[in-house]
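Q: Protein chains in written order, with my numbering: chain P, 1 to 299; chain G, 300 to 562; chain X, 563 to 920.
It should be emphasised that the hints constitute simulated quantities derived from the structure, not laboratory data.
A portion of the hints provided could be inaccurate.
When the alpha-carbon atoms are kept at most 25 Å apart in a straight line, the in silico SDA-like pairs for lysine to any residue are as follows [stated by the list, open to error]:
(1) X:K789 x G:Q463
(2) X:K759 x X:P661
(3) G:K323 x G:Q369
(4) X:K691 x P:P242
(5) G:K397 x G:Q463
(6) P:K166 x P:L190
(7) X:K691 x P:L184
(8) X:K691 x P:R174
(9) G:K412 x X:L905
Reference listing, derived: stretches of chain X covered by chain G, where coverage requires no fewer than 3 residues with Cβ under 8 Å from a Cβ of chain G [what the hints assert, rightly or not]:
(10) 572 to 581
(11) 751 to 765
(12) 799 to 811
For clarity, every value in this text was computed on a predicted model and none was experimentally measured.
Positions of the beta carbon are idealized from the N, C-alpha and C atoms, including for glycine.
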Amino acid sequence: MDIAFFVEVLAGGLLAGVMYSLVALGFVLIYKASGVFNFAQGAMVFFAALTFVSLGERGWNFWLALAVTLVVMVLLGLAIERVVLRPLVNQPPITLFMATIGLTFVLEGLSQLVWGSQPHGLELGIPDVPMEWLSQKWNINISQFDIFAAFVAGLLVAVLAVFFQKTRIGRALRAVADDHQAALAVGIPLQHIWAIVWGVAGFVALVAGLIWGVRNGVQFALTFVALKALPVLLIGGFESIPGAILGGLIIGATEKLAEVYVGPMVGGGIESWFAYVVALIFLLFRPEGLFGEKHIDRV
Amino acid sequence: MSGRPVGEVTLSVEAVSLAFGGVKALSEVSFDVREHEVRAIIGPNGAGKSSMLNVLNGVYHPQQGKIRFQGREFEDMDSHEAAAMGIARTFQNIALFKGMTVLDNIMTGRNLKMHCNFLQQALWIGPARREELEHRRAVEEIIDFLEIQHVRKTPVGRLPYGLQKRVELGRALAAEPKVLLLDEPMAGMNLEEKQDMCRFVLDVNDHFGTTIVLIEHDMGVVMDISDRVVVLDYGRKIADGSPSEVRGNQKVIDAYLGVAHSA
Amino acid sequence: MLYREAGQFKSTYAEDQQIFPIRQDRVAVSLLLAFAFVVVPAIGDQYWLGAIITPFLIFALAALGLNILTGYAGQLSLGTAAFMAVGAFMTYNFVLRMPWLGILPSIILAGLCAAAVGIVFGLPSLRIKGFYLAVATLACQFFVLWVLQRFGWFTNYSSSGVVTAQQIAILDFPFNTPERKYLLTLGIVVVMALAAKNLMRSETGRAFMAVRDMDVAASVIGIPMMKTKLLAFAISSFYCGVAGALHAFCFLGTVEPEAYSLDLSFRILFMVIIGGVGSILGSFLGAAFITLFPIFLNLVSTGLSQATGVEVSHALISNLESIIFGGLIVFFLIVEPQGLARLWQIAKEKLRLWPFPH
Numbered sequence: 001m002d003i004a005f006f007v008e009v010l011a012g013g014l015l016a017g018v019m020y021s022l023v024a025l026g027f028v029l030i031y032k033a034s035g036v037f038n039f040a041q042g043a044m045v046f047f048a049a050l051t052f053v054s055l056g057e058r059g060w061n062f063w064l065a066l067a068v069t070l071v072v073m074v075l076l077g078l079a080i081e082r083v084v085l086r087p088l089v090n091q092p093p094i095t096l097f098m099a100t101i102g103l104t105f106v107l108e109g110l111s112q113l114v115w116g117s118q119p120h121g122l123e124l125g126i127p128d129v130p131m132e133w134l135s136q137k138w139n140i141n142i143s144q145f146d147i148f149a150a151f152v153a154g155l156l157v158a159v160l161a162v163f164f165q166k167t168r169i170g171r172a173l174r175a176v177a178d179d180h181q182a183a184l185a186v187g188i189p190l191q192h193i194w195a196i197v198w199g200v201a202g203f204v205a206l207v208a209g210l211i212w213g214v215r216n217g218v219q220f221a222l223t224f225v226a227l228k229a230l231p232v233l234l235i236g237g238f239e240s241i242p243g244a245i246l247g248g249l250i251i252g253a254t255e256k257l258a259e260v261y262v263g264p265m266v267g268g269g270i271e272s273w274f275a276y277v278v279a280l281i282f283l284l285f286r287p288e289g290l291f292g293e294k295h296i297d298r299v
Numbered sequence: 300m301s302g303r304p305v306g307e308v309t310l311s312v313e314a315v316s317l318a319f320g321g322v323k324a325l326s327e328v329s330f331d332v333r334e335h336e337v338r339a340i341i342g343p344n345g346a347g348k349s350s351m352l353n354v355l356n357g358v359y360h361p362q363q364g365k366i367r368f369q370g371r372e373f374e375d376m377d378s379h380e381a382a383a384m385g386i387a388r389t390f391q392n393i394a395l396f397k398g399m400t401v402l403d404n405i406m407t408g409r410n411l412k413m414h415c416n417f418l419q420q421a422l423w424i425g426p427a428r429r430e431e432l433e434h435r436r437a438v439e440e441i442i443d444f445l446e447i448q449h450v451r452k453t454p455v456g457r458l459p460y461g462l463q464k465r466v467e468l469g470r471a472l473a474a475e476p477k478v479l480l481l482d483e484p485m486a487g488m489n490l491e492e493k494q495d496m497c498r499f500v501l502d503v504n505d506h507f508g509t510t511i512v513l514i515e516h517d518m519g520v521v522m523d524i525s526d527r528v529v530v531l532d533y534g535r536k537i538a539d540g541s542p543s544e545v546r547g548n549q550k551v552i553d554a555y556l557g558v559a560h561s562a
Numbered sequence: 563m564l565y566r567e568a569g570q571f572k573s574t575y576a577e578d579q580q581i582f583p584i585r586q587d588r589v590a591v592s593l594l595l596a597f598a599f600v601v602v603p604a605i606g607d608q609y610w611l612g613a614i615i616t617p618f619l620i621f622a623l624a625a626l627g628l629n630i631l632t633g634y635a636g637q638l639s640l641g642t643a644a645f646m647a648v649g650a651f652m653t654y655n656f657v658l659r660m661p662w663l664g665i666l667p668s669i670i671l672a673g674l675c676a677a678a679v680g681i682v683f684g685l686p687s688l689r690i691k692g693f694y695l696a697v698a699t700l701a702c703q704f705f706v707l708w709v710l711q712r713f714g715w716f717t718n719y720s721s722s723g724v725v726t727a728q729q730i731a732i733l734d735f736p737f738n739t740p741e742r743k744y745l746l747t748l749g750i751v752v753v754m755a756l757a758a759k760n761l762m763r764s765e766t767g768r769a770f771m772a773v774r775d776m777d778v779a780a781s782v783i784g785i786p787m788m789k790t791k792l793l794a795f796a797i798s799s800f801y802c803g804v805a806g807a808l809h810a811f812c813f814l815g816t817v818e819p820e821a822y823s824l825d826l827s828f829r830i831l832f833m834v835i836i837g838g839v840g841s842i843l844g845s846f847l848g849a850a851f852i853t854l855f856p857i858f859l860n861l862v863s864t865g866l867s868q869a870t871g872v873e874v875s876h877a878l879i880s881n882l883e884s885i886i887f888g889g890l891i892v893f894f895l896i897v898e899p900q901g902l903a904r905l906w907q908i909a910k911e912k913l914r915l916w917p918f919p920h
C-alpha cells in the first residue's frame, strides 16, 4: 500500500472534517446556550457567504464587506430570536426544531430573492494548491488552503472555548442552556443572552460560509453542508465544542478513507450516506455522543 | 384500618441495598407486606422511600438483596414482569400521558389484558370490537368509583392537580392489581381532596382486597389508614410496627427532629 | 342551529365509540364520500384529476403514514420519501417479475417491503431519541436512495435509471385514464384511512401515544417499548410504501429515484405539521394545503402580472413559495401548534352555537 497516498487521503479527510466542524460549531453554540437545535444553520452559512460575495462583486472593499456582512448576520440573529424563538419560548424542543426547519426555507428563499441564484466563486487570497515542501519532500499533496482552514477553525474553537469557560457571559450562556427559569431567577437577562448567542452563531456561520465558499463556490448547494455537519453532532454530542471538532475529524477521516478505499468496491457514491451510517453505529454504543450529556429520565 | 382480615405475607424484601454511584439510597432494608393490609413507608426527606418503591416494582435494580412476591424470589425483577404479576403504582410527580384524555389514560392501564393484534384492531372486526367495549365497561366502573365522569373526555394535561392524581390512581386500578404502590398520593392536596383520596384508597383496599403500600408524609393520614408502618432514615429501616408503636418510638422521633446520629 | 347535538344521546359504549358520533357529521361524511366517488369523476376535468386531486390523495396517505409515526408515536422521522421509494420500486419489480400476482397484491407486498425497511431503520429508536433519532432517519433516507440507484436490479438495468410504470389492470379491467386512476387511489386511501382511524382509537393507538408522551411510564405499566416502537415504524412505512406505489403508478407514470429526495420528506413533514400532528383529518388538510398552495400562488402571480404588466419570473415564484411555506410553518407553530385540524375543531364548536354567539 502506498503510504504517501494513504497519508494524503487521511490528511485530506481530517481537514475536510475540520470544515464540517466549523459548521457543527454553529449548531453547538445555539444548542448549548438555548437548547434549540437550529436546523437553519446551513441556510445561515449560505446567506452569510452569499451576502459577502455579492457585496464583493459590487466592488466593496474586502474588510468593509466582511464587517457589513457580520453586522447583517448579527441583525439576522436578533430578528430570528425576536420573531421565531421568543413566541415559542415554552414549547417542547421538537416544536422549536420544526420552527427552525421552517426558518431554513425562509432563509433559502430570501437569500436567493435578494441576491439571485447564480453560483459565485470566492477568493480569500490563499491558493488551493499543495504545500510545496510537503509535496516535494514526501510526495504528499495537502492543499495550503485546507491547512489555512484548519488553522482558522482551531483559532475559532480556542476562542469560543475560552469564551464559554472563562468569561462571565459564557457562564451566563451555560446557565441559560441548563435551565431558563433558574437563570431568570438569578437575574440573567434572557433576551440579551439569546441575542448574543445568535449573533455569535451568525459570526461562526460567516466564517464557515467563507471557507466553504472558497472550496465549493457559493451556490445553493452550500445549504447542504448543514446536512454534513449532522453526523458530526451525533458523534460529538450536541453540546460540546471539543466534541464538534473530534466528531468532525472522525467523520471527515472515515468518510474520505471509505470513499477512496471502500467506494470503488461498491460502485462509488457512498459519500451521501456513509457519514450518517457511521454516526448511527456510533450512537448505538453511545446514545449521547462522545461528550454529550447523559439523559436521565426521572419518573 | 382494612376491612378484610389481613392474610399471609405476599411481598417482602430481604437485605436490599441500592446505591447510585457513591450515594447509598438503601442499606440492607428488610420488611414484609401482608395480603390485604395497608402498609405505610414513612421517613424524613431523602430517606430512600421512593427508591424503595421503585425497587418493589422493578424500576430500580438493587445491588444486593432479594425480593419475594407471591412465593417467587427475584434478585432482579424488571418493571414489565412486576406489572404482569400484578403490581401497579402511582408516581410522586404524576406520570400521566398528558396528550390523552382521562378515559384513554385509564384504558392504557388495561394494556396487559388486551390480546387482539393490530390487524384485528385495524379492521375493527368482532373480537377487537368486543374486547374494546368490554374493557371500556371495566374502565367506566373505575371512573364511576373515582367520581370523575364529568372529565372523562378531557385531555389530562388540562386537569387540576388533584384530579390528575385521581386519574393516575384510576390507571393503576385498571390493571386490577394485587399490590398497589402509592407514592405520596396525597401530596399537594387540600383537606377535602385528601379526605376523598383516603376514602378511595380505603375503598379499594376494602372492596377489592388490594394490598396497599404507600409513602406518605401526612402523619394524620398514616395513623388513620395504615395497618403497619415501616420507618426509613438515611436508607436504613429504623422502625417497623403498628402506627401507635411507631409513633412512640424514640428513634423515629429523633429522625424527624433531625437529632444527629452516627450514619 | 343545524349543528346542535340536542336529542342525540349515547346509551351504549358502542355508540360513544363511533368515529363520527354526531349525526350531522355522519351525514356530511357520507355526502362527501358519495360526491368523491360519483360526482367528481363525472365532472372533473383530466388536468384537475390527474395533476391535483390524485396527488393530493397520495400525499395525504403519505402524510397519514408519517403522522402515525411522528404524530401519534412521537418518533420524529425525516426519511418518509425513502419508504415511498421502496414502495414504488418494489411494486414495479413485483409487477415486472411476478405479473400473475396482480396489482393490488403487488402493492401490498411492496408496502410490506417498505415496512421491513422501516423496522430495520426503526431499531435505533430503541436507544436513540428526539433529534438524534431524526438525524438517524436521514441515514435511512440517503442510504435507501443510494441502494435503489446503485443496484440496477431495481430499475431492471435501465440505462437512464428511470423506468416507466406499467399499466395497471385488475381482472382485465384497465386503469388507464385519469378518472380510473383517481377512483383506484381514492378507494385505497379511504380504506387505509379508515383502518388508521380504527387503529389509533384502539389499544395500539393508545400505546403509541403513551410512548410519545412518557415512554418511561408507559414501559412501567406494561406497554412493551420495542414492540410498540417497531410496530409504529412498520405501519407508518407500510402506509408510505403504498403511497409511493400509487405515486409512481397513478400519478407520475414513472419510477424514478429523484422523485423521492429529502425535499419530499420535508414536504410531507410540513403537511403533518400544518395539518395537525396526531390527527387523521389533519393529514388530509395539510396535504390539501401544501398541494393547492403552489397553484394558488401561481394563479395570484399570473393575475398580478396580467393586471400590472410586470413579468413574474419562475425563480421569483419558487423563492416566494419557499419563504411563505417556511413562514407558515413558523406561524402555525406559534399560533396553533395543533394545526389546521384544531382550527377545524374550533370552527365546529362555533358552528354548534351558530347563529348564537354563545
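Q: Run every hint past the structure and note whether it holds.
A: We went through each hint and held it up to the structure:
no. : hint            : in the structure
1   : X:K789 x G:Q463 : violated (28 Å)
2   : X:K759 x X:P661 : violated (32 Å)
3   : G:K323 x G:Q369 : violated (28 Å)
4   : X:K691 x P:P242 : holds (22 Å)
5   : G:K397 x G:Q463 : holds (10 Å)
6   : P:K166 x P:L190 : holds (19 Å)
7   : X:K691 x P:L184 : violated (28 Å)
8   : X:K691 x P:R174 : holds (23 Å)
9   : G:K412 x X:L905 : violated (37 Å)
10  : 572 to 581      : holds (count 3)
11  : 751 to 765      : holds (count 6)
12  : 799 to 811      : violated (count 0)
Violation of the numbered hints given earlier is confined to hints 1, 2, 3, 7, 9 and 12; the remaining hints are satisfied by the structure.
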